[in-house]
Structure formats: C-alpha cells, structure tokens
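Visitor: Starting from the structure of chain U, add chain L where the hints point.
Respectively, the protein sequence lines represent chains U and L. Residues 270 to 884 in this note's numbering are what the first sequence spells out, letter by letter. Residues 52 to 402 in this note's numbering are what the second sequence spells out, letter by letter.
For the record, the hints were derived by calculation from the structure and aren't laboratory data. One or more of the hints may lead you astray.
Stated by the list, open to error - No more than 20 Å apart at the CA atoms, straight line, and that leaves these computed lysine to any residue pairs for SDA-like:
no., chain 1, residue 1, chain 2, residue 2
1, U, 620, U, 839
2, L, 57, U, 839
3, U, 716, U, 684
4, U, 522, L, 382
To be verified - Computed from the model, here is a short list of chain L residues facing chain U with C-beta under 7 Å:
no., residue
5, 112
6, 130
7, 133
8, 144
9, 151
10, 226
11, 402
As the list claims (entries may be wrong) - From chain L, some residues computed to sit far from chain U (all C-beta separations above 10 Å):
no., residue
12, 73
13, 75
14, 136
15, 223
16, 245
17, 274
18, 320
19, 346
20, 349
All C-beta atoms, glycine included, are put in the ideal place defined by N, C-alpha and C.
Residue-level listing of the chains:
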Amino acid sequence: MSDKKPISSVNDFVVRFANVNGSGSASANEMFARAILRHGVPVSPRNIFPSNIQGLPTWYEVRVTEAGHLGARGGVDMMVAMNPQTWDKDVAGIEPGGYLFYDSTKPMPSTKFRDDITVIGVPLTAITNSTYTDPRQRQLFKNIIYLGALSALLDMDPKLIEQLIGEQYKGKEKLLSSNVHALHLGRDWALQNLKCPLGLRIRKSDKVGDRIFIEGNSAAALGAVYGGATVCAWYPITPSSSVAEAFTAHCKKYRHDPETGKAKYAIVQGEDELASIGIVIGASWNGARAFTATSGPGISLMTEFIGLSYFAEIPAVIMNIQRAGPSTGMPTRTQQCDIIACAYASHGDTKHVLLFPEDPAEAFEFAAAAFDLAERLQTTIFLMLDLDIGMNHRLCRPLKWDDARQYDRGKVMTTEMLEEGRDFGRYLDVDGDGIPYRTYPGTHPTKGSYFTRGTSRDRYARYSEEGTVYADNMQRLVRKFETAQDLVPRPLQANAERPTKYGVIYFGSTSPAMDEAIGLLEARGHQLDRLRIRAFPFHSSVASFLAEHDFVYVVEQNRDSQLRQLIVNENGIDPVRLVPIVHYDGTPITARFIAKAIGDHQDQLKVTPLRKAVS
Amino acid sequence: MTYIAKPKFHHPGLKKNELGYTHRDYEGKISTLCAGCGHDSITASIIEACYELSIEPHRVAKISGIGCSSKTPDYFLGNSHGFNSVHGRMPSVLTGANLANRDLIYLGVSGDGDSASIGFGQFAHSIRRGVNMTYIVENNGVYGLTKGQFSATADRGSKSKKGVTNTDNAIDLVAIALQLGATFVARSFSGDKTQLVPLIAAAIRHKGASFIDVISPCIAFNNHAGSTKSFDYVREHNDAVNRLDVLVGRDPIAVDYAPGTVQVVEQHDGSKIALRKIEADYDPHDRLGAQTFLARHAAKGQIVTGLLFVDPDAEDLHAHLNTVETPLNTLEADTLCPGSAVLDKINASLR
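This is chain U alone, in the form it adopts within the complex:
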C-alpha cells in the first residue's frame, strides 16, 4: 500500500491528536503523555486550542523525545484523527511514511487517505456503542479506548497506564475499574486485529530522572504562594486565568490557619484589569505583597496605573502570560510580543523591570523573586511568561526552596527608626542607590506620614512643579533602574566548543528550541556562542557579549524583533550587527526553524562551515 517506507523510530516521534473541543479528550490525551513519562521517556506536550468552549477543533501534540528536546519539533509522525471537521488538513499534515489512526466504524472512501502513510482503522464507535448505552459514557470512554489501542500499537506497558488511572481515580473504585476496562477493550481489540507494535515504539528508559511535569502558570502561582503574596486581584483573560485559579487552589491547601480555618490571603476577581491593578497597587502601598495576572489586552488597560507605580514608587507584580496580539489578536496562540509594551509601559518617561523565565521551574523561582524585587525597588515587576510555557505541561527540574530564606521587604522605615529621629524623606536617596525609604500607613502618630501622588513632588513628597525638583527626581529614578541591573537574574552564557565571532541571544520559551537548534547548527558546522537573557534592565554582560561578537542573532517570537529593539535602544549599538530571527505565526518556535534561519544567514555571510574547511 505504501510507496514510502513506514517511519521506524523508538522514543523519538510526534503524535498529534485531533479532537473536538469539549469532547473530554484532554484528560485521555494527557494520560497518554504521562504514561510515556512513566516509561522514563521525556515528552513535551502542547495544547493547540481555539478560543471556544465546545465544538471547534482542538489538537494535542505529544513530542516523544528520549534526547530531551522539549521545544516543539514541527511535523507529525502519527495522527490520531478523531475530528471529521479537520480530517483533510490532518491527513495532509502527516510526514511521508507516517501513520494515521482513525475511527473506522463508518467506511471512508479511499480518496480520503494517502498512499505514503500507514492507515490504522479501529472501529472505536462500534466498540463503544456495543459496550455502553449512556451517551456521556460513550463519549468519555471512547477516548480511553483509543488510548488502549495506542498502547498496543506503540508497545507501551499497560501496567503503567493502569497505575496512572489508579492514581487519578483513587477512592472512586467504580470509575477506576470502568476506565481500566475501557483501556483493555481498546488494547485487546488492537492486539487481536492489528499488527502490533508499529514502527513507532516506546521503550523503557531512564531519561526523565527526578524531573517534574507542571504547567508554567501553576508553577508561577506556586511561586507567588512561596514568595509571600497575600493579595491577588485579577480579571479573567486567556491564557492567564489559570494563574489566579492555581493560586486560589494552592492557597486553599497551604494558606489557611489550621486552628481558625481563616485565610492568610485575599483573592478578588476584579471588574476589569484597571480594578485589578488598582487593588494590587493599593495593597502594595499598604505593605502587602500583591500581584495580578493578565495578558496583552490587560497590560494595555493597566498602563496608567503602571505609570503611577513607577512614578509614585509603589511595588506591584504583574504576571503577563503573553499571547498573540495586537488587539484581541489570537487569544489562544503563543507569542513574546509585549516586550516593548511592558518595558516602557505608560505615558511619560518610564522603564520597568521584566523577568523572562524559560520554563515552569524558573517561573516558580522568578515569581517568588518578583515580590522581593518589587519591594526592594518599589516599582512594577513584570513576570513575562507566554502561553507556551503557561498553559502546557513541561518537564522541568524539581522546584526548590531554601527554608532559611526570608523575604526582602525593602527599605521600610519603622516606628522605631522614626522614634530615633531618622530623617524621613519619601523620595530622598539616602544610600545613593536611587531607592528611598517608605513608611506603611498607620506607622507613627506624628512622624513618617506623607501624601502619595502621581504628580511631581520634592524629596519630602511635597507637591512641586519646579523644573529642577522634577528633574532631580527623574534622575534618581534612572539611578534606581541602574541599581536594578545587579538585582535581577543575570544572563546565562554558553560558549561554543571553538571560539567564534557569532553569537545568539534568546529568552523565555524559545529556550528548549534554541538548545536543540544549537545541536543542529553544530552538526552543519556552525559554531555559536549563546546568551540567554533572563531580565531587563540588561546586565553589563549583555554589552560585553555584543562587543565580543561580529554578528549576534536575536531569536524571538514576535514580528518586530522587540527584544532586539530594546537591546539596540538601551545599549546604543549598531543595529546591523544584531540579526533578527523572528517567528510569529502563533505556534511555538521550533529548532528546525531556528537552525534553518540562522544557517541560511550564515551561508549568506559566506561562512565556511568548519567541517568542510577541515575536510
């Protein structure tokens, strides 16, 4: 049947599930990914979903990768085509030699298939309908039945899947046994009727180690719990809502007084993003650690308050789970497109601190650190996540916390300090680092009170429109931003094996694809030093890296090469030496894309690959 040899690969392939949104497939698909992890084989799953609740197409892609490449790969080796609506596109998307798994209950005309793929039909609906009568059960168990059939086709250990089902339905015996039953229905049918296993196989390995499997939004929310956030105000917006929802769930578990049952946190769903950031600023002004989570449109709405936070120097933490813009853009697609919008948010001269975590583990660490930074610097700290990290389970190192760690509450003048007669000027730079002292409301009957305002004022918080007074304050804010450089996470550099004149800068969710691309480029003989930027303002090592290389590629997921703009602007360097590599179609960037884009440019530069030069 095939005129192309079927793909044969162990622990290195991509399976994509095409489903209908709201059909209950998500939990079965996630179980598939987890089951492979239990084989000791890393996976990198991704949800590709519409901005819709029920009825529209949705995909779940699982990259099986013993080598541990956690970025999206591109291409599909096996399509589990459960959605007639997207059939043609799904079938067309399979790699030559790939596999198509479908529900063969209703016969399909041969024109609906391809000659160069292996077609696997399982009469899922027929099996389901002969076993179950309840329509809801039929729908849900159909998903488990295809999971069972896949386990046979891919040579997976059914015991490991049963174990997962056991953990998921612990204490719900009826559900547990009926799920196991459905699993074996599919598995047995495949074993009896199909040639199992296929060329694509899972083989037990030990490459997962102690890593954990978590969504970035949940990790960031946990970071907020560990970082001492007590006030969360938010407004629902994809893809950020699950941050606040996870924070709520974590707080219910870990933040209630064991004796009184009372909550050591307050969560308010605001009426909009304006109210959410207003609540955060009010709470932070009053000495609580507060945050909001939002996405691009929310950032646009919050900018007036962000300017107030900058100018009146009030801490705030904003988690921005970026999605494709502008305007409503593509709400369920990923991008890194709010770099400029956040770095310079609000009218007037403003600059803000941005943190760029690469995965859930860093999302946890940076989220906790954001509260220390916000209170130390008395300004807004942006945690710049994106949909790719935020809403997908990602394999990452275990979360760590040092129990000796105390929160850095920043420069707060206490009742005792005021009693000692310390000079309190709310905007007085006493230490030369641009950071003044603040007082919490209600501290002292006669000392330390001040009037907070978004208007210009002098070092003692007295209203002033004097040019020199205004400029003095603006200069101090610049000094404060310079101080921030050494407080934020530093860039991480990884040099090529041999010295090279070429470098690459990248950040955030591009990280796994970049790591993999380096391997592909090296295989083609291109050597590149790497610098992963983890925060803005840029540390001085960014300027050094630029100085050390003739050309530096800046890889990012937006159209206008926003990080590159920021680097050019902040470092005052020749833009020609910074080559933009941009990917912005809403899908996660892949190693293949990066390697091709950089490889092509290197070719244009007439760089002779080392391997050729040597041979």
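Guide: Leaving out everything else, chain L in the frame of chain U:
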C-alpha cells in the same frame, strides 16, 4: 491664601478629645481650592467627625482619585497617609489597601466626575463587594478643575455657567448605592454641618460599605441661577428625613428628645446612632422603602437628605473572604511560606 505656610502653634487652652488630641491635630495643609468652595466645608466636617470620634489621626488612610474633591485629603488629617491616585480609581486602590490592613480606617474621597463618570464601574463594584470604608462623593455636578463641563450627576435641564442646557439624564449615586447593596447610605449638603458631621461619624463607625453623597456647590462654575447644585437651589429643595447624633461610649442623649421622634440604631461596633426623625414614617432599615421614597421625592424635585439606609449588622469584604484577623501586611515567611518539605511533596505529586 495657599502660599502661606500653615502655622503650627495654637491656643494652649484648645479643647482636647478623649485621646488628648485637639482639633488642630486633625487638620491638614491649607486648602488650595477656591474661597467658599463647598468641598472645604466637607473637609471641616471630616475633621470635626474624626475629632468627635477620638480617632487616632494616623490610623486613617485617606484615598482619593483625581479632581477638586480628590485634592482635599491633603487638607485634613495631616498625620495620616494619603493617596491621590488615578482618576476614577480610588475604589480599587482603597479596596487593595483595605485588604492589606484591615485595622485602619479607610476614607475614600471622590467627586461626581471621579465616581459617576470615569469611575462609575469602580464605585459600583467597591460598593457591591462591601469594602469596609467611608466613601464620600463631593458632588457639585460639574468638572471644576477643567473649568465647568457638566458631570454625570448634573440634572437634566440644568444650565451651565456658559448657558448650555444639560440634555442627559442625571445619575443619582445614592439610588445606585442603595441598589448595589451599600449598607450605609446617606446624603447631605456641604452647607449643613450639623447634619453632615454626625453622618460622617456614623459612616466611619459602620462596618461595611458606607456611602455619603454630599451636594457641594462649586462656587466658580456651578452656583448660578439655573443650576440645581447651587447653594440657593439646594437650600430650597432640601428635604431632610432625619438628623442624627452618634454616641460612642457615652450615655445616650436620646432622652433629650420627645419620645416617638427618636430612633436609636446600634451599630456592629457598639456605637449608637440616635436618629431624630423628621419624616415620621421614614424607616432607615427598609432598603426597598428607601428606594421608593427617594424616587418619589426626586420626581417632585426634592433633594432627600439624611441617613437613608443602614444595616447595622452588615458584613464586610474581609468577612466574605474569611481572612485572618491579623493584617495581611504584617505576615511574614514563617506563616506565609509552606516550606521545602511541602514543596518536596508537591514535586512528588507532579511525577
């Protein structure tokens, strides 16, 4: 006036309240508003109410938005922290501040532009959440700082100083507050301190969302014939339902009044409000009745003032959220951070 620094000395015989503070301890900077502005009268009433209640001045947080009214927190309670925030956003900033420290007294000062236009949403949502605050709108029906544009509380048919007639319907913030579930709703007039001072005092003692709409004529842009927010118009059309006294830790003085005309309301914190009834059949515990009463009088062109509604057993946002008694801003890592052992368990559950 405003270039003069306010002198700190005062008469040694100045009367002191229970905490030993004089009236002067509740004052702020010299007002920069126009001479004769209704807002300054409200400022004086706030000072008087806080003095009367023997509040520690620094335990009040004064929060405002943008506009003439929002400037006033600088003119009272000089030893309190103040926050002149963003236009129309006082309610959210106040809500956040309140969540951070439930032990302070929150005074939200706003205007009709700030609360009925740009901040209408925030006004509504802070009220419906039951934030424990005293929300005062200094309502003059006009944008003063930008020189005389109509605000959303200007009555239909009223005339601006330039002679333009307002064709839009007015928003009655009191009616809205009642509908949204405010648990203390009052209206007063900046020129009527005897009514306003006890209203502010009672609102401060109320645990929940207290809302006071204070008609406050704008001397510069809305005090002419044809305006329905001028001193003359309000005096002529004011229909007070009651007058009150607030009794905190003192013997009730209700006995001073004739039986049947005084109604004593005990609030959550034990303070008592003695209502001297003017409208004999007015019941301040009846939300629906208050709404009807208000609508009926508005149709007649009357401005109803006094304590219109109070729920003495109200619950606030902290009660709804079941938060700890200790202010959240005092909690540290030892109580907030679940620690590494819990994190190890979380890690284990994610494999």
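Visitor: Confirm or reject each hint.
Guide: Each hint, compared with the structure:
1. 620/U x 839/U: holds, 11 Å
2. 57/L x 839/U: violated, 46 Å
3. 716/U x 684/U: holds, 8 Å
4. 522/U x 382/L: holds, 18 Å
5. 112: Since chain U brings a Cβ to about 5 Å from residue 112/L, closer than 7 Å, the hint holds.
6. 130: This interface hint holds because 5 Å falls under the 7 Å limit.
7. 133: With Cβ-Cβ at 4 Å, under 7 Å, it holds.
8. 144: holds, 4 Å
9. 151: Holds. Min distance 3 Å.
10. 226: At about 20 Å, which exceeds the 7 Å cut-off, the nearest Cβ of chain U leaves the hint on residue 226/L violated.
11. 402: Holds, about 6 Å.
12. 73: Nearest chain U Cβ is 13 Å from residue 73/L, so the label holds.
13. 75: The claim stands: residue 75/L keeps its Cβ more than 10 Å from every Cβ of chain U (closest is about 12 Å).
14. 136: violated, 7 Å
15. 223: At about 21 Å from chain U, residue 223/L clears the 10 Å cut-off, so the statement holds.
16. 245: Holds: least Cβ distance 30 Å, greater than 10 Å.
17. 274: holds, 27 Å
18. 320: holds, 18 Å
19. 346: Correct as stated: the minimum Cβ-Cβ distance to chain U is 26 Å, above 10 Å.
20. 349: holds, 27 Å
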